[in-house]
Amino acid sequence: MATLNFMVGQEQGNVPVTVLRVEGDIDAATHKSLQDKAAEIIEAGSTHILLDLGGVNYMGSAGFRAIHAISNMLNDGDTPGTMKSTHLKLLNPTDAVARVIKTLGFDVYLDIYQDRGEAIKSF
Amino acid sequence: METTLTSTETRIETLRKCEFLQGLKDSVLSDLAAKAKMLNVARGKKIVTRGEDGSNMYFIISGNARVHHGEVVLANIGKGDVFGEMAVLDSGKRSASVTTESDTLLLSIERDVFYESLSTDPNAFKAVIHGVLQREREIIREVKTRSTKLMAYEKEMEIGRRIQAGFLPDSIPTMENWELASSFVAAREVAGDFYDVFKLNDLPHLAIVIGDVCDKGVGAALFMTLFRSLIRASSLYGNMCSGLVDAESGSVFITAGEVLQNSLLTTNRYIATTHAGSSMFASVFFALLDTESGELHYVNAGHESPIIFRQNGETELLDITGGVIGLFPAAQYAVETATLNKGDLIFAYTDGVNEAKNLQGEQFGESRIMEMTNPQDNSPDNFLSMVLEAVLEFRGEAGQSDDITMLALKYQSQTSTA
Chain E
1 MATLNFMVGQ EQGNVPVTVL RVEGDIDAAT HKSLQDKAAE IIEAGSTHIL
51 LDLGGVNYMG SAGFRAIHAI SNMLNDGDTP GTMKSTHLKL LNPTDAVARV
101 IKTLGFDVYL DIYQDRGEAI KSF
Chain A
1 METTLTSTET RIETLRKCEF LQGLKDSVLS DLAAKAKMLN VARGKKIVTR
51 GEDGSNMYFI ISGNARVHHG EVVLANIGKG DVFGEMAVLD SGKRSASVTT
101 ESDTLLLSIE RDVFYESLST DPNAFKAVIH GVLQREREII REVKTRSTKL
151 MAYEKEMEIG RRIQAGFLPD SIPTMENWEL ASSFVAAREV AGDFYDVFKL
201 NDLPHLAIVI GDVCDKGVGA ALFMTLFRSL IRASSLYGNM CSGLVDAESG
251 SVFITAGEVL QNSLLTTNRY IATTHAGSSM FASVFFALLD TESGELHYVN
301 AGHESPIIFR QNGETELLDI TGGVIGLFPA AQYAVETATL NKGDLIFAYT
351 DGVNEAKNLQ GEQFGESRIM EMTNPQDNSP DNFLSMVLEA VLEFRGEAGQ
401 SDDITMLALK YQSQTSTA
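Line by line, the protein sequences give chains E and A.
Under the working numbering, the first residue of the first sequence is numbered 1, with each subsequent residue one higher.
Under the working numbering, the first residue of the second sequence is numbered 1, with each subsequent residue one higher.
Any given hint might turn out to be false.
[As the list claims (entries may be wrong)] Lysine to any residue pairs mimicking SDA-like chemistry, simulated, CA-CA at most 25 Å apart: (1) E:K102 <-> A:E355; (2) A:K342 <-> A:Y115; (3) E:K84 <-> A:E258.
By construction, these hints were calculated from the structure, which means they are not laboratory data.
Whole structure, please, built from the sequences with the hints as guidance.
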């Protein structure tokens, strides 16, 4: 059965940023584990997450639903003054995932970075 | 791995627990117990392999094992269970594999030994046949229960499909100089595609909607009804309710672009706040057509780009102007404009078309639609049939995994004479 692998790192931007690297396909079978992992990180105190998608070759609609759920968990109680999440950003999606992000217009809702340093500084 | 440590009593007890040996006399059971071999098998060993010949049946004294087809586990078995008996009784191939889940102690009886022991008692065969049939009846009962459950599930699916079909328009408005065709081919599993075509109340425009709710199943079908109803209700009645249309004079203080924006902002905000926890979203292409001028105002919220096939052979893609709807309450949608001229055909579709896969896993793709021969020379009906045929031919033996929804609208090149 397909599973996701996670790597968690701590960085310091203007605020502390947790970098969550995901490896594997994010689909109907695996999206829950991503959501659970993020919930665990948020439970432990993280308020800003950079989701590193460099190891994800496929992301279906379930993956996008998981990302929305994570964004919801992070922005809990926040007043959205902007369309884009200030708590969740994406890093380095593969070409296949970037294509789907563009088709669904998810780049309208979330900032996407190619460079890790730049991404961390942006928080 | 052979051992003889277990007492004869334990062996006899183990055999007696087996349903189809229950009718045997003690003398036959003792004979079998004496001739049976004791096996001590370590965890993770495959004892029986599906498809292979087998001449032994096994009785579990202690430990656990799984009966499986590759990765799929059919049953978990343990102390007192028997396996491998079918191939012994009918000399056929093993119907499933069995692998130990823990260190397991087994009794193994070989086919010739089994029949030899039975032949010591004239009634033994009768007892075994009786026992086997008894088990057969239980299996039939189990299969019946399962198939009843499956039928109930199929019925649920059928209800879901009907909910979905009931929310597609019964009829499509007719307009002078315009020809419109729609096609909806439901996948076996309920999905969340929808389309809608209706005339606005306050403006002389024709509304055209095509959308796809994420995911599949009854949940997607239910959300489809919500998205579709909110878009229709807000664009038909929302303007009057918010004072943008004067009910008495009929004066309209709103443009087509604003109708689109208001409708999608309302729909998005409602679902993104009321149903925030469900994270359900839809991609939607929503257009308002001025049937007099051919001017088309549209919002593409994360949907596959509709294609305009111009009469002169050129093509134009109506790319996204915003993200999918239903997730982020503050989302904004830009309105764009395109103009349809006489002889032009516009084609909108859901991902059941471009993501249709053949057996090699290759996708039909947008480019195959773009490369269709002279769509603008066909009626919308013909064009949709051409696309559907091309998709079916491409897919070949591979099944349909998603709904296929298509709309085609053509500005007739000859003005019809009344």
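Of all the hints given earlier, name the ones this structure violates by number, lowest first. 2
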